[in-house]
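Chemist: Sequence:
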Amino acid sequence: MKLFFYFFFLFAFSLVFGQTEIQTFLPNTKVYGITGNKNEIWIATYGKGIYKYSVKSKRFLNYSTKKNNLQHDMFYCIAENKNFVWAGSVDGLFIFNKKRKRWSKRKFGKGGQYSNWIRSLEYDKFSKCLWIGRFKYLSKYDIRTRRFVDYDLTVGNDEKSNTIKTIKVDGDTLVWFGTEAGMHKYQKALPFHAKNAVKFFDNRLNYFNHEGKTVSISDLLFEQNNIWIGLDEFKVKGNENYNIGGVYCFNRKNTWKRYDTQNGLNANGVYALEKTGNFIWVSLYQFSPKTKAQFGRGLCLINRITKKIIPILNKKIPDTIYDIYFDGKNIWLGTDRGLIKINLTNKLASWN
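In this note's numbering, the protein residues as written are 236 to 587.
Wrong hints could be hidden among the right ones.
As the list claims (entries may be wrong) - Simulated crosslink set (DSS-like; lysine-lysine; CA at most 27 Å straight-line):
no.: 1; residue 1: 340; residue 2: 375
no.: 2; residue 1: 510; residue 2: 472
no.: 3; residue 1: 434; residue 2: 510
no.: 4; residue 1: 336; residue 2: 395
no.: 5; residue 1: 342; residue 2: 360
no.: 6; residue 1: 423; residue 2: 345
no.: 7; residue 1: 472; residue 2: 488
no.: 8; residue 1: 340; residue 2: 302
no.: 9; residue 1: 470; residue 2: 423
no.: 10; residue 1: 375; residue 2: 302
no.: 11; residue 1: 488; residue 2: 543
no.: 12; residue 1: 434; residue 2: 345
no.: 13; residue 1: 551; residue 2: 265
Unchecked claim - Quick list of the computed label-pair ranges, beta carbon to beta carbon:
no.: 14; residue 1: 448; residue 2: 332; range: 40 to 48 Å
no.: 15; residue 1: 420; residue 2: 378; range: 20 to 28 Å
no.: 16; residue 1: 428; residue 2: 381; range: 30 to 38 Å
no.: 17; residue 1: 406; residue 2: 525; range: 41 to 49 Å
no.: 18; residue 1: 335; residue 2: 497; range: 47 to 55 Å
no.: 19; residue 1: 428; residue 2: 316; range: 38 to 46 Å
no.: 20; residue 1: 427; residue 2: 289; range: 35 to 43 Å
no.: 21; residue 1: 379; residue 2: 409; range: 32 to 40 Å
no.: 22; residue 1: 302; residue 2: 434; range: 23 to 31 Å
no.: 23; residue 1: 316; residue 2: 429; range: 24 to 32 Å
Please keep in mind that the hints were generated in silico from the structure rather than gathered at the bench.
We treat Cβ as the ideally placed atom computed from N, Cα and C, and that holds for glycine.
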């Protein structure tokens, strides 16, 4: 085991200094979402539609208005199973039937002007359903019954607790919904609106160490007994403590450990999280109170065992990374300048 830690440290070192195999695809393309399986990688772009990458042939297939095989080009997220691909846009949910090789579209009525802005998708293989996070409201699509159900997650009068940013399935019993005001934990064994079925975590009651005025959840990641939580950074003049950002490690009981610029992160805004071995990958951004813009600040690795942070400064990797996906052999990065593939199957990373 010590040998594994040593060689993974060497891998991180090689990544920093450019000795790891890094490839760039789809140049000058904003890649917002990545998912896949052992045979194919699916990529959601903002402006160039959806791409499918064949692992066997190493070729890309594009679905877009330019190719006249998709009626929309701007997508935020993507999910898939063996039969379908789902892509979220500002104009509803797009569904690809893999057998028929045909796209269809679903729009939502509840929620007003922003009801069709789909910001997060998560396929639940245990429940055979798709969870759909919209700018307003949560929806569930039961694949077996082909039925959509909408849920209002509003806590108190805080509308941001019903503004979904990320969804993650946690084993066969739980689903977590990250919002602009905190996160909801749903016990799937109970009907959604049953008492104690859904519990809300914000920065009250000592959750998140009671830090910041509010917490906006950008991504979630599970490992062993811990939940890793990425937060948005949003500060305004006179209210610099509004959304402080950072990464929290929550042990599912009552212990919250925060990682931020004070202990090694490149910035406090978090785009995405992913896990390989004993490392948590974090893509980061810095928020400008003056311009209200986000500036990408690259990658950091957090060692789950030692808690040490390793900044990854490699000229081949763009600073703005919207999504991270691990296919079991490679790390895929969705950036503002294309799709990046980092090979982890070299001699350094293959020790176990």
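Chemist: Please verify whether residue 434 and residue 510 have alpha carbons no more than 27 Å apart.
Modeler: Holds - the C-alpha atoms of residue 510 and residue 434 are around 26 Å apart, at most 27 Å.
Chemist: Taking the beta carbons of residue 302 and residue 434, is their distance inside 23 to 31 Å?
Modeler: Since residue 302 and residue 434 have Cβ atoms about 45 Å apart, the given range 23 to 31 Å is violated.
Chemist: Measure nothing beyond the straight line between the CA atoms of residue 551 and residue 265; if it is 27 Å or shorter, mark the hint as holding.
Modeler: holds (16 Å)
Chemist: Keeping to a limit of 27 Å between CA atoms, is the pair of residue 340 and residue 302 held or broken?
Modeler: holds (17 Å)
Chemist: Hey, residue 434 versus residue 345, does the alpha-carbon distance stay inside 27 Å?
Modeler: Between residue 434 and residue 345 the Cα gap is close to 23 Å, so the pair holds against 27 Å.
Chemist: For the range 40 to 48 Å, tell me whether the beta carbons of residue 448 and residue 332 fit it or not.
Modeler: holds (45 Å)
Chemist: A range of 24 to 32 Å was offered for this pair. Does it hold for the Cβ distance of residue 316 and residue 429?
Modeler: holds (27 Å)
Chemist: Residue 423 and residue 345: Cα distance at most 27 Å?
Modeler: holds (23 Å)
Chemist: Can you let me know if the beta-carbon spacing of residue 428 and residue 381 is within 30 to 38 Å?
Modeler: violated (22 Å)
Chemist: Taking the CB of residue 420 and the CB of residue 378, does the distance hold inside 20 to 28 Å?
Modeler: holds (23 Å)
Chemist: Are the Cα atoms of residue 510 and residue 472 separated by 27 Å or less?
Modeler: violated (35 Å)
Chemist: Is the gap between the beta carbons of residue 428 and residue 316 within 38 to 46 Å?
Modeler: Violated, at about 27 Å.
This entry does not satisfy hints 2, 4, 7, 9, 10, 16, 19, 21 and 22, going by the numbered hints stated previously.
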